[in-house]
Amino acid sequence: ELKVEQNPLFLSMQEGKNYTIYCNYSTTSDRLYWYRQDPGKSLESLFVLLSNGAVKQEGRLMASLDTKARLSTLHITAAVHDLSATYFCAVILGGSGNTGKLIFGQGTTLQVKP
Amino acid sequence: KAGVTQTPRYLIKTRGQQVTLSCSPISGHRSVSWYQQTPGQGLQFLFEYFSETQRNKGNFPGRFSGRQFSNSRSEMNVSTLELGDSALYLCASSLPLGGVNTEAFFGQGTRLTVV
Numbered sequence: 305e306l307k308v309e310q311n312p313l314f315l316s317m318q319e320g321k322n323y324t325i326y327c328n329y330s331t332t333s334d335r336l337y338w339y340r341q342d343p344g345k346s347l348e349s350l351f352v353l354l355s356n357g358a359v360k361q362e363g364r365l366m367a368s369l370d371t372k373a374r375l376s377t378l379h380i381t382a383a384v385h386d387l388s389a390t391y392f393c394a395v396i397l398g399g400s401g402n403t404g405k406l407i408f409g410q411g412t413t414l415q416v417k418p
Numbered sequence: 048k049a050g051v052t053q054t055p056r057y058l059i060k061t062r063g064q065q066v067t068l069s070c071s072p073i074s075g076h077r078s079v080s081w082y083q084q085t086p087g088q089g090l091q092f093l094f095e096y097f098s099e100t101q102r103n104k105g106n107f108p109g110r111f112s113g114r115q116f117s118n119s120r121s122e123m124n125v126s127t128l129e130l131g132d133s134a135l136y137l138c139a140s141s142l143p144l145g146g147v148n149t150e151a152f153f154g155q156g157t158r159l160t161v162v
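Residue numbers (this note's numbering), protein chains in the order written: chain A, 305 to 418; chain B, 48 to 162.
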């Protein structure tokens, strides 16, 4: 059974600081997704990581994927209050082809304080 | 380009009743998946439909069912509602979710409260 674990589950940080959220998954998968969720809202797609060594950056967020270690990281640089949200990683189950389902981590709630 | 549309946005039902939720995917997307989000269990996969066929099903009781129509719109139904079914139900639309560069786009969700 594919399991996805994030840590930390809660992160309170000061504006301007850097931090990393980790996402481990238990079985082979070659694509990983990061989503953001604001309270009471839906999931917003941040990154799709498709291959080992993939790195993507958008603003103050950078995501990477190491398929051999089954690990993805979401790095936050110089955090600002607007980044306060819950971040989910998800791994596709089903491999290549035209089928699959997303298995989500527990989510990391990020609180950025002024 | 219109996003994923879920209706209704909010719903209050009584235990024992049944409910039907609707999801209209992004135009051109033929894959629709449903997820349940609760504070205790997080985001859990319910089922995936592609071209009117259920391709994957999560570990939920038979009270949870779904279908997809020829225009790719999907509905999910929950019968004999229980208090524990209170959750945010999210629908995701995608091109087949296994192809290169595909990603799932989520609707705003339906907040179901069972009393």
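No wet-lab data here; the hints were simulated from the structure. None of the values given here were measured: they were computed from a predicted structure. Don't take each hint at face value.
Reference listing, derived: stretches of chain B covered by chain A, where coverage requires no fewer than 3 residues with Cβ under 8 angstroms from a Cβ of chain A [stated by the list, open to error]: (1) 92-103; (2) 115-126.
Straight line, CA to CA, 30 angstroms or less: simulated DSS-like cross-link-like pairs of lysine-lysine [claimed, not checked]: (3) A/K372 x A/K417; (4) A/K372 x B/K104; (5) A/K360 x B/K60.
Cβ coordinates follow ideal geometry from the N, Cα and C atoms, glycine included.
Cross-check of the supplied hints:
| no. | hint | verdict |
| --- | --- | --- |
| 1 | 92-103 | holds (count 5) |
| 2 | 115-126 | violated (count 0) |
| 3 | A/K372 x A/K417 | violated (35 angstroms) |
| 4 | A/K372 x B/K104 | holds (28 angstroms) |
| 5 | A/K360 x B/K60 | violated (43 angstroms) |
Hint violations for this structure: numbers 2, 3 and 5, all remaining hints satisfied.
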